[in-house]
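So the chains spell out like this:
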Amino acid sequence: MITRVIKDWLAEYKSLSKEELHSYAASIRQYGDLITSLFSFFDESPPEEELDPVCHQLYEFYRSKEHELRRFALEFLPTLIWLYMSLLSRGNKNGCGGVEALLLGAYNLETVDVDGKPRIRSFRIPSFSQHSIYHEPSHISSAPLTETLLSRYSQTEPICWKSGPYPQYESINGSNRYDILALLMQCYNSDIPNLSTRSHRIFCRICSRIVTTGFSNLKKEDEDDDEDDLPVMSRFSNAMDKSGHSGELLPRIPVSPFFLIEMLSGLYFALFNGQAGLGGGAVDDIHYRASYELYADVLLVTNAIRNSLRDKSGGQPEDG
Amino acid sequence: NQMTTPRLLHIYAEAYAIKGYCIEKISPSNTSKYKAEKREEQIISCFERAGDLALLYLQEKEKTFSTLYASQSVGPIEELQENIGPILETAIQQSPIYYIKHGDLEKGIGRFRELLRAVESRFSQGLRLTLARQLAEVLLRGVCEKTYKPPSIKGDLVNPSPRKYTGDGLFVPDNETEEALLLLLIAEVIATREAVLNRSAEHKQAQNITFQNATAVYDLLAIALVKRAQFDRLSESFERAMKFSFKEFHIWYQFANSLICARKYNRALLILKECCLLRPKNVIVPLTAAKLCFEYLQKYEDGILYAEKALEAGDDHPMASRAYVALGIGYSLKAVEMKLKADRQTLHTKALNAFLKAHALDPNDYLSLFHLALQLAILRQIEDAIKYTRLALKYYSEHIHSLHLLVLLLSAQKNYEEAMQLIKAALEEYPDNLSLLLTKAKLEEIVCCPEEALNTCKKMLKIWKDFQEIDSDEKSLSLILHPMKVSEATDRSTFDKKSQANLLLTELTDRETGSMRAESIAASRMEKNLSEVASSGNGLIQSQPEAQRTWRLLNQIWLYLAELYLSLDKMEEADACVSETANLFPLSYQVAYIRGRVYEHKQKYQEAKACYENAISINPSHTSSLQHLGMVLHELDNDKLAEKMLRDAVNMEPTSHQCWFYLGLVLESLGHSEGAANCHATALELELTSPVVAFTVIPRLMQ
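So the sequence lines, in the order shown, correspond to chains A and B. Take 1 as the starting number for the first sequence in this note's numbering and just add one per residue. Take 1 as the starting number for the second sequence in this note's numbering and just add one per residue.
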């Protein structure tokens, strides 16, 4: 339900003058009441006519030049993605028009820079044989000459990796949906240290919900084959309490490997920055889902994260 | 003060370290915040001094060692080899962590960098490994694009400090990924080298420690590289890890997964086999192996065995349903390879039962429903198939293969109107899917005017061009950047597009033959070799497998277009299309076949016959060629041989109503009226349930 606070928020922003905007932006992320009611508003799968104006305003925030306004909208991104995916999986294509428009708009904004040029990100993949500020190839290689060692030298220059430009889309369809959602997840991740702990917490919960909805018994699967097993941390609680009225399970939410990997990189941050419990649970949930879907690339990441948590020699979540 | 001798440096360093520990041990006398801060500063500065002096000491020691070594008086190496001791080691590691624990991430990172920038000596390797790993951890876990600050090379001049790496052309990272990858690269080299290979009991502990250190590095590498879709690199790294990972399931499994992602399926399967032995109870490993066998390697027998192995976990295992799906896929794929009708039928029934079981175990799973429906469709139980397809779409409304199947099923019911609507809706969701577009063109050819189909073909050619640009873009770009060699690194979305193009290709090439028969696979391999020999001048197309793939896609489109022009009676255009494909793959059986079609259309039966015979000699299981050869022989009044060809075709493709029909014609002219009547009856019956394109164009995938 749309609460008083949200209504006021909708009205207030429209009445702001240009001068007031900056100070408004600076303080907006402190409005605890507003943030709470927005989170619970999205959680209740609101009807279209209530959802649309809220989404519209959040989009205004997202594209605003005020960083804090954009960040305010970014805080809700995981929640919105969850809302969108769960509405879709229940066949409610019309009910999610507002959210879809918001997500698509945000995506299209993210594909270009401030000056409207297509955004391309790139970095170099360092090569062992080039001197760096941390090493000199001749020093390390006091080892006997082997084939693997030689192969390290075969490459003299760092490889360039580049990503983008991403296409602009006019609508979301089956073939571009997960690319769009994954890129949005990337945007959330790229600003994640500046977002609130509350948003992190909700992000972890949502990751669990996306991958477990509609399943009742995924977790069992490697309890019995992990020989060096730890008590399984996962709490598959959400799978149960989200079942429909008739006791039947809700439809499962389709996922894609790319999307799951982006979720994992956000979770990896959350895991080591205050959300050890929820983050760990979500990683486990994604691990079970990836096992079920046989996604080799996602399993590479979940295996690595789970193994490093198990292995006490590495840094631990408490280390910060 | 000059502290030059290594011994003195060592003593001073330890003194500072111990001072730091002492201050740490004394609990603060009062709660004054100022005092507490002061105390922390003191501790940190002690540890930092200790660290700098210790590193300097190690560098000096290295110098002494080298001189000793040079003057051939290598005496007490043992003594020199020893480490700097736990006191200093902890002190060095403490200082950056101290900052981070107190919330000052930036200073912590700065301290890590200072320590790592000191020129290493042979005595500091273990320490560097830990530091590099820790800094990589910090960068991956706590820093993002927006908060990262690149290191500055301007050194501070605190005396005495250890020598640092300097010089021209140093690689200086300028974002978090570069720095993390650089650190992991160094850590990997050290870790792989330090790994203790002696597996005897006395080395057990040392071996455990180095193994854990190395594993930690490899885990971080996996996290960093998968995010950037650098699977080739990752699999190379894991390959290096194999030498110290005897019987270590985690590393083996990771290696297998990285090979799958790098599309090295054959090797991946071998590694998975080993993983199965290490963890016999694991269900995911054999299922992954089965998936590889079915989808990439065409080893159906092995796949079935792996699926059965996965089923050993029992029916109440959460993966049991998917394991039955895999088993069913195996049976169904194997059925196509069978030469005898009875064998085929047994396998089809087995497949159907497996899918039914899968559905019963997990009624909400779209995948088992889809495969059940596809199996029923192949058995021509159209009504039931439609029911299950609709159910599959209820659980996953955008599953492309279910949508495609439903279109075909509707066309089998001759409900063309609805089929057309549905395929248009499906194309709204997947506008770039060539397989769907081909089906649409076929539908258009039948339902409305063939001109529409031509339009669809145009669209396909355009989409193909985009595909091709993905490939060539990258190459031309990297050629400009590094003219000496082709180095490319793709991001995730390009990676996904390529995988998709790969899948599409298998879908499209199997259209003609209708299945992934062993013969077709052998044929396409042979063809590849033949074309390489034939068109050595045309090296660009043939040399790179990636390019091969895209050109084959184009080939498929031309072939279809040629057929379309034939049916429109436009000979010139058809000829043009044929010469296009002949340019691409001069020795392909498909080109031979389409040439035959053109000759047949021009009623030049002798030439057509020769073409079809060529096609069959390359690929004996190409049913369309067999069928048309039969027809041509019939025209040439060689009914005996025609009968033989058509019988082969019918045996190969028992649901093709055209084959049955022509067989009927041939038998009739041979005077076997009873047999002819039977054939015509079968043809009629099959025609009633026949889709516009064979159901087998829909791939049997685990997704």
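These are computed hints drawn from the structure, not numbers from a lab. Any given hint might turn out to be false.
Residues of chain B clear of chain A, computed beta-carbon distances all greater than 12 Å [unchecked claim]:
#1 11
#2 14
#3 170
#4 173
#5 190
#6 230
#7 274
#8 337
#9 387
#10 459
#11 635
#12 668
#13 703
For lysine-lysine, the following DSS-like pairs were computed, each having C-alpha atoms within a straight-line distance of at most 25 Å [claimed, not checked]:
#14 A:65 / B:146
#15 A:117 / B:146
#16 B:497 / A:117
#17 B:25 / B:107
#18 B:227 / A:162
#19 A:14 / A:65
#20 A:93 / B:146
No experiment lies behind these values; they were computed from the predicted model shown. Backbone N, C-alpha and C define an ideal beta-carbon position, used for all residues, glycine too.
Results for each hint:
no. : hint          : in the structure
1   : 11            : 27 Å, holds
2   : 14            : 25 Å, holds
3   : 170           : 5 Å, violated
4   : 173           : 7 Å, violated
5   : 190           : 7 Å, violated
6   : 230           : 7 Å, violated
7   : 274           : 16 Å, holds
8   : 337           : 24 Å, holds
9   : 387           : 18 Å, holds
10  : 459           : 15 Å, holds
11  : 635           : 45 Å, holds
12  : 668           : 49 Å, holds
13  : 703           : 7 Å, violated
14  : A:65 / B:146  : 17 Å, holds
15  : A:117 / B:146 : 19 Å, holds
16  : B:497 / A:117 : 23 Å, holds
17  : B:25 / B:107  : 23 Å, holds
18  : B:227 / A:162 : 13 Å, holds
19  : A:14 / A:65   : 16 Å, holds
20  : A:93 / B:146  : 35 Å, violated
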